[in-house]
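Sequence order for the protein chains is G and Z.
Numbered continuously in UniProt numbering, the first sequence closes out at residue 235.
Numbered continuously in UniProt numbering, the second sequence closes out at residue 204.
A portion of the hints provided could be inaccurate.
Computed list of lysine to aspartate or glutamate pairs in EDC-like fashion (alpha-carbon distance at most 16 Å, straight line) [said to hold, decoys possible]:
| id | chain 1 | residue 1 | chain 2 | residue 2 |
| --- | --- | --- | --- | --- |
| 1 | Z | Lys83 | G | Glu103 |
| 2 | Z | Lys17 | Z | Glu97 |
| 3 | G | Lys176 | G | Glu197 |
| 4 | G | Lys102 | Z | Glu130 |
| 5 | Z | Lys83 | Z | Asp47 |
| 6 | Z | Lys191 | Z | Glu113 |
| 7 | G | Lys102 | Z | Asp47 |
| 8 | Z | Lys83 | G | Asp141 |
Looking from chain G toward chain Z, a few residues come up when the C-beta cut is under 10 Å (computed) [said to hold, decoys possible]:
| id | residue |
| --- | --- |
| 9 | Tyr101 |
| 10 | Pro106 |
| 11 | Ala108 |
| 12 | Gln109 |
| 13 | Asp229 |
Non-contacting residues of chain G with respect to chain Z, defined by C-beta distances greater than 12 Å in every case (computed) [claimed, not checked]:
| id | residue |
| --- | --- |
| 14 | Thr11 |
| 15 | Val20 |
| 16 | Lys50 |
| 17 | Ile105 |
| 18 | Phe156 |
| 19 | Gly183 |
| 20 | Phe199 |
| 21 | Ser204 |
What the hints contain is simulated information worked out from the structure, not anything from laboratory work.
Beta carbons are placed, not taken as given, at the ideal position from N, Cα and C, and that holds for glycine.
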Amino acid sequence: MAESQYSFSLTTFSPSGKLVQIEYALNAVAAGATSLGISAADGVVIATEKKLPSALVDETTVQKIMTITPSIGVVYSGMGPDFRVLVRRARKTAQTYYQSYKEHIPVAQLVRETAAVMQEFTQTGGVRPFGVSLMMAGYDDNGPQLYQIDPSGSYFAWKASAIGKNMTNAKAFLEKRYSDEVGIEDAVHTALLTLKEGFEGQLSGANIEVGVVGPNRSFKVLTEAEVNDYLQEVE
Amino acid sequence: MSIFSYNGAAIVAMAGKECVAIGSDLRFGVQMQTITCDTPKVFKIHDKLYLGLSGLLTDAQTLHQKLMFRHNLYKLREERDMKPSTFGHMLSNALYERRFGPYFAAPVVAGLEPDGTPFLCGMDTIGAIETAKDFMITGTSPESLYGMCESMWRPDMEPDELFETVAQCLMSGFDRDALAGWGAVIHVITKDKVISRTLKTRMD
Chain G
1 MAESQYSFSL
11 TTFSPSGKLV
21 QIEYALNAVA
31 AGATSLGISA
41 ADGVVIATEK
51 KLPSALVDET
61 TVQKIMTITP
71 SIGVVYSGMG
81 PDFRVLVRRA
91 RKTAQTYYQS
101 YKEHIPVAQL
111 VRETAAVMQE
121 FTQTGGVRPF
131 GVSLMMAGYD
141 DNGPQLYQID
151 PSGSYFAWKA
161 SAIGKNMTNA
171 KAFLEKRYSD
181 EVGIEDAVHT
191 ALLTLKEGFE
201 GQLSGANIEV
211 GVVGPNRSFK
221 VLTEAEVNDY
231 LQEVE
Chain Z
1 MSIFSYNGAA
11 IVAMAGKECV
21 AIGSDLRFGV
31 QMQTITCDTP
41 KVFKIHDKLY
51 LGLSGLLTDA
61 QTLHQKLMFR
71 HNLYKLREER
81 DMKPSTFGHM
91 LSNALYERRF
101 GPYFAAPVVA
111 GLEPDGTPFL
121 CGMDTIGAIE
131 TAKDFMITGT
141 SPESLYGMCE
151 SMWRPDMEPD
161 ELFETVAQCL
171 MSGFDRDALA
181 GWGAVIHVIT
191 KDKVISRTLK
201 TRMD
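Same shape as in the complex, but just chain Z:
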C-alpha cells in the first residue's frame, strides 16, 4: 500500500480564455472505507488563486494551513495578494525544505495573474515544479485523468465550456478509481468572479 493512495483524491485544473477552472472529488476515505463525501481537496488562497492538494489528507491539510499562514503574513507585509507564479515558487521551496522528510502531498496551483493570464502549475512531493498552458492533474488515478484531459482539452475555452470539460474529465477520470469520487466540486475563476459548483455523481 502506498502512502499516496491511503486517502485517495482526484484533482483536475484547466486553463481557458482568460479563465481557469480547478476541481476535485469529495471522497474522504481510509483505504477501503469511505468516511465522508463532503471533503473537497481544493482550497482558496485568495480570489484569483486556488490550490489543489492530493495525497495523504493530513499532510494536505497541514500544508494548506502553513501556506495560508505564509500568505497572510505576505499580505500584511507587502500589502498585496501573492501572484500565482510567486505562490507556486514559494510552495516549491517550502516542499524542498522538507526534502528528507517530505509532505506526502502533490499540489496543483491554478489562478489568474494580475494581468489576467491563466496560470497553472503542479509539482511532486518534494517540489519539482512544472508549469502548463493546458491542464494539470494529480490524484490516485493519474492515467485516467491524463487520458481524459488530453482528449478533451481545447485552447481558448469560455468559462462555461471550461466548466463542462473539467467536469467531464474529472467524473470520467475518477469513475474507474475506487479511492476517489463520491461527488465533485469545481471552481471557475474569471477576472471578476468565481463560480463554484458541486456535482452529484455516482456514489461509489
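Excised from the complex, chain G in its bound form:
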C-alpha cells in the first residue's frame, strides 16, 4: 500500500499526514507488557507486569519502575533499553533543575522536558523514535499527578490509564471502577485487579511491580512482600 512507501524515513510525512515510524513505534509499545497508573485523591499508583522470558532469569535484578526524583517515578511499556536511556535523561534534567533552583522539579515540568526529548528523536536525522510509552507518577505542590508520554512526544494527564498489550480491556475496566474519591489504598487494589484481568497465570509479588507516592511525597517501589500483602487483601 502507498503508506509503506513512506515508512523508510522518519522525517518524511506520508500522504495521509502521518509519520509512519511513529505509528510503528506505537506498535512496539502495544506489543510490550501491560502497565497502568491510577491517580487517587491522595496519591498515585503505577504498576506493571514483569513478564520474564524464562524462569532462569534472576527477577530481583529486573527493575521496570524507576525513581526519577524522590517524588516522581516512572514505568513503561515497550523496549526496555529505550526506557533506560530516557530515565537517564530525565534524572539529569531533574538534577539540573535542582542545581539551579534548589527546588525539586514539578511533575508537569519534568514531563514536558522528557516529552521534548522524545519529540526531538522524531525530527532529527539519523535517529529513530523511542519504542516506549511512559507513565510518569508524582506528587508536588499541585497534588498527585499521572502523565502518559508517547513516542511522538505528546503527553496527557490521566486520572487512570493503561498502556501496552492489554490496554483496551484494562482501560475499559478502569473506566468502570474509577471514582474521584478513591484513596491510595483502594487505588492499589484496583490496579492489582486490573492487572489480574489480562494476566496469564497467578499474580504474585515476583511477577508484577508496583510503585506508590502519597502525601509524604516519597515515591517508593513496593517490595515483593508488600505486593503480596496487597494481593492477599484483594483475593
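The hints should help you fit chain Z onto chain G, whose structure is shown.
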C-alpha cells in the same frame, strides 16, 4: 581604584513582622563625577520580590535584564511566580557560571515567601549566598551601613517602623560616602501591597 567603587551604591534590606523593606541611594556617577540623581539600584522582579544590585552599574543592569528574562520564562512554563528563596539560588547559580569572568555586581534579594515569611539574602560577585533573618546590605560603604543596621535593627517591626529604620540606616550610612547618596528610594513589601517612597536627602 576598585571596579566595585567605579559607580558607587548603597543598598539596605531589612525584615520586619510579615514584611520586608529594601532601599537604595539614587546617585549615578562615574568615579568623582555625579551624572544623575534618579538612578535607583533596586529592581522589582514580581510583587513580592525585589532585587538590589550594587557594584558596576552596567553589570547590575545587564544582570537585572538576564534575570527578568529567566523569570519571565519561568512564569510562562510553571504558571507561577518564583519564590524568593528559589530566585536567590538561581541567582547564585547564574553568578557562579561566570566564575572566571564574573559580573561585578553584589546582589541583595528581599521578598516574601508564599506563606508570608520574610526572605532576605545577599551574595558576593561569584554567588556565595548567605541568608539573614535581620538585614542585608551591600555598597561602597559597607562598614557604615553595617554599623547603622546593627545598632538600629529590632525584631518584629511593623511596616511603618521598618520604613523609618531602613531610611535612617541608609541615609546615615551613605552620608559619609562620597560615591553614594543624592536621594534614596525605599520599598516596603507587605502581604497585600508595596509602598514605595522617595526621600530627599543631602545632595552631596
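May I ask you to test the interface hint for glutamine 109/G with respect to chain Z, counting a Cβ-Cβ separation under 10 Å as satisfied?
This hint holds: glutamine 109/G lies near chain Z, its Cβ roughly 6 Å from the closest one there, short of 10 Å.
Taken at face value, is the distance from the CA of aspartate 47/Z to the CA of lysine 83/Z at most 16 Å?
Answer holds: lysine 83/Z to aspartate 47/Z is near 11 Å, not above 16 Å.
Can you verify the interface hint for proline 106/G: is its Cβ closer than 10 Å to any Cβ in chain Z?
Holds, about 7 Å.
Evaluate the condition: distance from the CB of serine 204/G to the nearest CB of chain Z exceeds 12 Å.
Answer for serine 204/G: holds, closest chain Z Cβ roughly 42 Å.
Check the hint pairing lysine 176/G with glutamate 197/G against an upper bound of 16 Å on the C-alpha distance.
Holds: lysine 176/G and glutamate 197/G sit about 13 Å apart, inside 16 Å.
Chain Z versus lysine 50/G - minimum CB to CB distance exceeding 12 Å, so not interface
holds (35 Å)
Per the CB criterion, is alanine 108/G less than 10 Å away from chain Z?
holds (8 Å)
Going by Cβ atoms, does glycine 183/G stay more than 12 Å from chain Z at every point?
holds (27 Å)
Are lysine 83/Z and glutamate 103/G close enough, with their CA atoms no more than 16 Å apart?
Holds. Lysine 83/Z to glutamate 103/G sits at ~10 Å (cutoff 16 Å).
Could you let me know if the closest chain Z CB is still more than 12 Å away from the CB of phenylalanine 199/G?
holds (40 Å)
Mind checking the alpha carbons of lysine 191/Z and glutamate 113/Z for me, to see if they're no more than 16 Å apart?
holds (10 Å)
Under the criterion that the straight-line Cα-Cα distance not exceed 16 Å, is the pair lysine 102/G, aspartate 47/Z satisfied?
Violated - the C-alpha atoms of aspartate 47/Z and lysine 102/G are around 22 Å apart, more than 16 Å.
Hint compliance for this structure: hints 2, 7, 13, 17 are broken, all remaining hints hold.
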